[in-house]
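> Order-wise, the sequence lines are chains S and C.
The number in this note's numbering is simply the position in the first sequence, starting from 1, with 2 added.
The number in this note's numbering is simply the position in the second sequence, starting from 1, with 39 added.
It is possible that part of the hints are untrue.
[Said to hold, decoys possible] Incomplete in silico selection of chain C near chain S, CB under 8 Å:
#: 1; residue: F69
#: 2; residue: L105
#: 3; residue: G122
#: 4; residue: S132
#: 5; residue: A133
#: 6; residue: K139
[Unchecked claim] Residues from chain S that keep clear of chain C, each with C-beta distances beyond 10 Å, as calculated:
#: 7; residue: V6
#: 8; residue: T9
#: 9; residue: T15
#: 10; residue: Q16
#: 11; residue: K43
#: 12; residue: K46
#: 13; residue: S50
#: 14; residue: F66
#: 15; residue: P68
#: 16; residue: K69
#: 17; residue: P71
#: 18; residue: N77
#: 19; residue: E84
#: 20; residue: A94
[Claimed, not checked] Below, in silico cross-link-like pairs of lysine-lysine (DSS-like), each with a Cα-Cα straight-line distance of 25 Å or less:
#: 21; chain 1: S; residue 1: K73; chain 2: C; residue 2: K107
#: 22; chain 1: S; residue 1: K42; chain 2: C; residue 2: K93
#: 23; chain 1: C; residue 1: K147; chain 2: S; residue 2: K46
#: 24; chain 1: S; residue 1: K46; chain 2: C; residue 2: K144
#: 25; chain 1: C; residue 1: K93; chain 2: S; residue 2: K43
#: 26; chain 1: C; residue 1: K110; chain 2: S; residue 2: K43
#: 27; chain 1: C; residue 1: K110; chain 2: S; residue 2: K11
#: 28; chain 1: C; residue 1: K139; chain 2: S; residue 2: K46
#: 29; chain 1: S; residue 1: K38; chain 2: C; residue 2: K147
#: 30; chain 1: S; residue 1: K42; chain 2: C; residue 2: K95
#: 31; chain 1: C; residue 1: K107; chain 2: S; residue 2: K54
#: 32; chain 1: C; residue 1: K144; chain 2: S; residue 2: K38
#: 33; chain 1: S; residue 1: K38; chain 2: C; residue 2: K44
#: 34; chain 1: S; residue 1: K54; chain 2: C; residue 2: K139
#: 35; chain 1: C; residue 1: K147; chain 2: S; residue 2: K73
#: 36; chain 1: S; residue 1: K11; chain 2: C; residue 2: K144
#: 37; chain 1: C; residue 1: K107; chain 2: S; residue 2: K46
#: 38; chain 1: C; residue 1: K110; chain 2: S; residue 2: K42
#: 39; chain 1: C; residue 1: K44; chain 2: S; residue 2: K11
None of these hints come from the bench; they were simulated from the model.
Remember, predicted model here, so these are calculated numbers, not experimental data.
For every residue, glycine included, the Cβ atom is placed at its ideal position computed from N, Cα and C.
Listed below are the residues making up each chain.
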Amino acid sequence: DTAVSQTPKYLVTQMGNDKSIKCEQNLGHDTMYWYKQDSKKFLKIMFSYNNKELIINETVPNRFSPKSPDKAHLNLHINSLELGDSAVYFCASSPYLNTGELFFGEGSRLTVL
Amino acid sequence: DQQVKQNSPSLSVQEGRISILNCDYTNSMFDYFLWYKKYPAEGPTFLISISSIKDKNEDGRFTVFLNKSAKHLSLHIVPSQPGDSAVYFCAASAQGGSEKLVFGKGTKLTVNP
């Protein structure tokens, strides 16, 4: 049983398209995150949700819209994809207000052509 | 603005020897530090952490040292094993919260048999 699972693992699409990445965790955690690892290898937080409520939005363009239907799921929808959106997107979860131990999914590699 | 810096992109050591991975930070508000390990095509996994009230934390072959005055931490792996070959990310948080972990760029460790 995968603790944090993301689908799809690979996504290749054209500029201007809309795409979604899904994430599910079966750890019973309250908090879920989306991180982006760009070509420079930095892992940067994009969004954080606690019990379906948005608690962090790190100046991400509003083309990115996270949705949390319940506390076990956090999906990421991206509109009007741009070349610069090409990256690996990691979903993660943690117990709320813990000291920083996150449980990451395997990542979803998005390539925008 | 890199608040967490890992200045060595790669490190190569012989099996059985010590691996020392370094990390520097600039934000004096950081009070909790973590190391994550990442294998190719997998998400980062938590390895070890240290609170700013300590200067050392040990877990088996892994020891993290914190020098607050120098804003520097290091991860020691003794003895190094080929299975330790991975990318190691240093991360930091302020006020003990997981909501906004700041990651370094990572150091790729190769342990040669």
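> The structure should be examined with respect to each hint, and the outcome stated for every one.
A quick look at each hint next to the structure:
Taking 8 Å as the C-beta cut-off, the interface hint given for C/F69 is violated, the closest approach to chain S being about 10 Å. Hint status for C/L105: violated, given a least beta-carbon distance of 14 Å to chain S, over 8 Å. Interface hint status for C/G122: violated, as the beta-carbon distance to the closest one in chain S is roughly 19 Å, over 8 Å. Restraint check, C/S132 versus chain S: the minimum CB separation of about 5 Å is within 8 Å; hint holds.
The restraint placing C/A133 at the interface with chain S is violated, with a minimum CB-CB distance near 10 Å, outside the 8 Å limit. Against a cut-off of 8 Å between C-beta atoms, the interface hint on C/K139 holds, since the closest Cβ of chain S lies about 6 Å away. With a closest Cβ-Cβ approach of about 7 Å to chain C, S/V6 is found to fall inside the 10 Å limit, against its non-interface label. A cut-off of 10 Å between C-beta atoms confirms that S/T9 is not in contact with chain C; the least separation is 14 Å.
The beta carbon of S/T15 sits about 20 Å from the closest Cβ of chain C, which is more than 10 Å, so the claim that it is off the interface holds. Consistency note on S/Q16: stated as away from chain C, and its beta-carbon is indeed over 10 Å from all of that chain's, at 24 Å minimum. Once the 10 Å rule is applied to beta carbons, S/K43 is inconsistent with being away from chain C; the minimum gap is 5 Å. Remark: the non-interface label on S/K46 conflicts with the geometry, its nearest Cβ contact in chain C lying 7 Å away (cut-off 10 Å).
S/S50, annotated as away from the interface, has a beta carbon of chain C within 10 Å; the closest lies near 5 Å. Once the 10 Å rule is applied to beta carbons, S/F66 is consistent with being away from chain C; the minimum gap is 17 Å. Consistency note on S/P68: stated as away from chain C, and its beta-carbon is indeed over 10 Å from all of that chain's, at 14 Å minimum. Even its closest Cβ contact with chain C, about 19 Å, leaves S/K69 beyond 10 Å, as expected for a residue assigned away from the interface.
Non-interface call for S/P71 relative to chain C: holds, since the shortest CB-CB distance, roughly 21 Å, exceeds 10 Å. Against the 10 Å criterion, S/N77 stays outside the reach of chain C, whose nearest CB is about 17 Å from its own CB. Look at S/E84: its CB is around 23 Å from the nearest CB on chain C, clear of 10 Å, so calling it non-interface holds up. Some Cβ of chain C comes within 10 Å of the Cβ of S/A94; the nearest lies about 7 Å off, and the non-interface call is violated.
Proposed proximity of S/K73 and C/K107 is contradicted: the alpha carbons are some 36 Å apart, above 25 Å. For the hint linking S/K42 to C/K93, the alpha-carbon distance of about 32 Å lies beyond 25 Å, and the restraint is violated. At roughly 18 Å between alpha-carbon atoms, C/K147 and S/K46 fall within 25 Å of each other, so this suggested pair holds. A C-alpha spacing of about 10 Å is found between S/K46 and C/K144, which places the hinted pair at or below 25 Å, so the restraint holds.
With a C-alpha separation of about 29 Å, the suggested pair C/K93 and S/K43 falls outside the 25 Å cut-off, and the hint is violated. With a CA separation close to 22 Å, the supplied pair C/K110 and S/K43 stays within the 25 Å bound. As the CA atoms of C/K110 and S/K11 are separated by approximately 37 Å, the hinted pair breaks the 25 Å bound. This hinted pair checks out: C/K139 and S/K46 have alpha carbons roughly 9 Å apart, not beyond 25 Å.
With a CA separation close to 19 Å, the supplied pair S/K38 and C/K147 stays within the 25 Å bound. For the hint pairing S/K42 with C/K95, the CA-to-CA distance comes to about 30 Å; that exceeds 25 Å, so the pair is violated. In summary, the hint linking C/K107 to S/K54 is not supported, as the alpha carbons are separated by about 36 Å, beyond the 25 Å threshold. Taking the CA atoms of C/K144 and S/K38, the gap is about 12 Å. The hint holds against a cut of 25 Å.
Using a Cα cut-off of 25 Å, the hinted pair S/K38 and C/K44 holds, with the two alpha carbons roughly 17 Å apart. A threshold of 25 Å between alpha carbons decides the hint, and for S/K54 with C/K139 the separation of about 17 Å falls inside it, so the pair holds. With a C-alpha separation of about 34 Å, the suggested pair C/K147 and S/K73 falls outside the 25 Å cut-off, and the hint is violated. Using a Cα cut-off of 25 Å, the hinted pair S/K11 and C/K144 holds, with the two alpha carbons roughly 22 Å apart.
Distance restraint check for C/K107 and S/K46: the Cα-Cα separation of roughly 24 Å lies within the 25 Å cut-off, and the hinted pair is therefore satisfied. For the proposed pair C/K110 and S/K42, the alpha carbon gap of about 23 Å is at most 25 Å, so the pair holds. At most 25 Å may separate the alpha-carbon atoms for a hinted pair to count; C/K44 and S/K11 exceed this at roughly 28 Å.
In this structure, the earlier hints numbered 1, 2, 3, 5, 7, 11, 12, 13, 20, 21, 22, 25, 27, 30, 31, 35, 39 are contradicted, and the remaining ones agree with it.
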